[in-house]
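There are 2 protein chains.
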Amino acid sequence: MSTEPAPFLEALARDGARVEAMLERLLADRALPGEAVRPTRLVAAMRHATLGGGKRLRPFLLIEAARLFGRDDEGVLRAAAALEMVHCYSLVHDDLPQMDDDDLRRGMPTVHRAFDEATAILAGDALLTLAFDTTADPATHADASVRIDLVLRLARASGLGGMVGGQMLDLTAEGRWSVDGRPSVLGDAEIRRLQAMKTGALLRFPLEAGAIMAGASPQDVARLGRFGAIVGLAFQIADDLLDVEATPEAMGKATGKDAARGKGTLVSLHGVAAMKAELARSIVAAEAELSPFGERAARLVEAARFVAERRN
Amino acid sequence: MSTEPAPFLEALARDGARVEAMLERLLADRALPGEAVRPTRLVAAMRHATLGGGKRLRPFLLIEAARLFGRDDEGVLRAAAALEMVHCYSLVHDDLPQMDDDDLRRGMPTVHRAFDEATAILAGDALLTLAFDTTADPATHADASVRIDLVLRLARASGLGGMVGGQMLDLTAEGRWSVDGRPSVLGDAEIRRLQAMKTGALLRFPLEAGAIMAGASPQDVARLGRFGAIVGLAFQIADDLLDVEATPEAMGKATGKDAARGKGTLVSLHGVAAMKAELARSIVAAEAELSPFGERAARLVEAARFVAERRN
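Those protein sequences? They're chains A and B, same order as listed. Under our numbering, the first residue of the first sequence is numbered 1010, with each subsequent residue one higher. Under our numbering, the first residue of the second sequence is numbered 1010, with each subsequent residue one higher.
These aren't lab readings, by the way, just hints derived from the structure by calculation. Don't be surprised by glycine CBs; every beta carbon is placed ideally from N, CA and C. Incorrect hints may have been included.
What the hints assert, rightly or not - Now the stretches of chain A that chain B is said to cover, found in silico as 3 or more residues with beta-carbon under 8 Å: (1) 1066 to 1076; (2) 1079 to 1088; (3) 1123 to 1136; (4) 1171 to 1184.
Said to hold, decoys possible - Here are the simulated distance ranges between beta carbons: (5) B:1287 - A:1113: 47 to 53 Å; (6) B:1148 - A:1110: 35 to 41 Å; (7) A:1319 - B:1081: 35 to 41 Å; (8) B:1268 - A:1112: 55 to 61 Å; (9) B:1016 - A:1194: 56 to 62 Å; (10) B:1269 - A:1318: 42 to 48 Å; (11) B:1199 - A:1281: 57 to 63 Å; (12) A:1079 - B:1081: 41 to 47 Å.
Input sequences plus hints: build the corresponding full structure.
The structure is reproduced here in structure tokens:
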């Protein structure tokens, strides 16, 4: 029997290694031109937060979206690495004791455990800023109007109307600031909106960004965006199912936390069976969205399937 | 006797009011187009952090630099407000118990005291992100290459090689992570480098940014940048002198903190008299830098003087 990994997992690992190499370059422990000095401890914390772990799913989606329209160069890798920095900064801040209070991430101590809280706060700030720096740099794309479009979309996906706003809604729903300290009872639409902001926006962004970098038409960018929205929803449903069904060992982090916090998810609202059915339907919808591209989009369709069926 | 404020203070207050109005618009408690919802508590914390206080010195420098080259429009105000968001986010994070642990800012409770630490962390994150959003928005400048230049410079001034890196060097110098917990003994060059990163970069940025927005030549942008570097140094020397000489009442925040922490400043290294003399020389140098513009640059020269001579 063959023990070869499936071609999709091979591709994911291959692009992941390229993203890792780019992150390594961007976070090298030496000052870049224009910098007087890189504070050693801060750089070490930023490296701890970003290097040596993670599926690099968001960068993969960006790289594959650009490839679909014929672009695959160093600039794409830079944009992908910048996006991963935003994702990693959000994990560093979310893991803080004041927020989700997590000690483990990818089976390793979180940044504030490996370093300290002040360093974790600043490392997150510096990663977010470096993400915009990297995206805005001419080395990422020759066309200034493309770069500014990416910056604007990245800011919207990760800010008040996106990821950070979604995290705030999530903490609010947990009952953190309610008079009686009890979680809110959220309805279907509220949960979907919260999740679209908290995790969806940053999964949709790479699909649009890759298409934009490769010069896709506005119609195709919009199509990739719709595909990204479906992937984002599928990701979140799968995540909520894993929180119910997976072990901490498989996840490399604590599970069962949603229920422990009384946190409303689509799974707690509609049940495991109903959400597994919606997850299956979402794969069909994702595939339909990319059908105009035929076989060329096979890898992105596989990515959607991977997101829905992942076990950690 | 007249009690009219000096024309410079009038101009500072007038531009400050315009920046306040722009911040109010950008932080209105209603979702902007493209946002599903603005989390109420998060927006309230962002407003607490930015509205109703501060001299708005950085925005003023940006507005006056653009005016020097004939531009004074809403886009300039947007860029100025975005810069102020970066400044305010840095104060919110620096005030946290894990960092400088301050309860008062501009005579008001700091964000984590008025709200809580999780909200303060997220409000800072959202302000930084909204600053890039605002700068990258076409409403700020019609030319994409100008906007991307601003984004790149803003990221460099505020990130690892600028403000955040400088704050990290500052905490390190306080001895926070030294084996014996004692502050480092920094030399003249190290203190200047640290301060150029921590406070200088974000005072230099507005002078370059204003000139760039108004279409100034690269030579003039560089000249304004040199002027900005002098203003940054003057600001820091004045700040260190105030920490020694001013009262908490005049400052609206604690004073005497540098000495209490054993923190090396140019004032502790060279003495009050020597640094007052350098401050006076810096005003002369600043004035000389802008002499090619004659009377048109009078307001910026007054700004440099104001920075050096301020009492709070």
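Taking the hints in turn, this is what the structure says about them:
Here the region 1066 to 1076 of chain A counts 0 residues with a CB under 8 Å from a CB of chain B, which misses the bar of 3, and the coverage is violated. Beta-carbon proximity to chain B at under 8 Å applies to 0 residues in the region 1079 to 1088 of chain A; the threshold of 3 is not reached and the given coverage is violated. Counting residues of the region 1123 to 1136 of chain A whose C-beta sits closer than 8 Å to any C-beta of chain B gives 9, which meets the bar of three, so the coverage hint holds. Judged by the Cβ-Cβ criterion of 8 Å, the region 1171 to 1184 of chain A is covered by chain B as claimed, because 7 of its residues qualify and three suffice.
The hinted range of 47 to 53 Å is satisfied by residue 1287 (chain B) and residue 1113 (chain A), whose Cβ atoms lie roughly 51 Å apart. Taken as a hint, the range 35 to 41 Å holds for the pair residue 1148 (chain B) and residue 1110 (chain A), whose Cβ atoms sit roughly 40 Å apart. As the Cβ distance of residue 1319 (chain A) to residue 1081 (chain B) is approximately 54 Å, the hint placing it in 35 to 41 Å is violated. Checked against the given bound of 55 to 61 Å, the beta carbons of residue 1268 (chain B) and residue 1112 (chain A), roughly 37 Å apart, lie outside it.
For the hinted restraint 56 to 62 Å between residue 1016 (chain B) and residue 1194 (chain A), the CB-CB distance of approximately 59 Å keeps it satisfied. For residue 1269 (chain B) and residue 1318 (chain A), the hinted distance range of 42 to 48 Å is not satisfied, since their beta carbons lie about 58 Å from each other. Hint check: residue 1199 (chain B) to residue 1281 (chain A), Cβ distance near 59 Å, so the stated range 57 to 63 Å holds. Remark: the range hint 41 to 47 Å for residue 1079 (chain A) to residue 1081 (chain B) is upheld by a beta-carbon distance near 44 Å.
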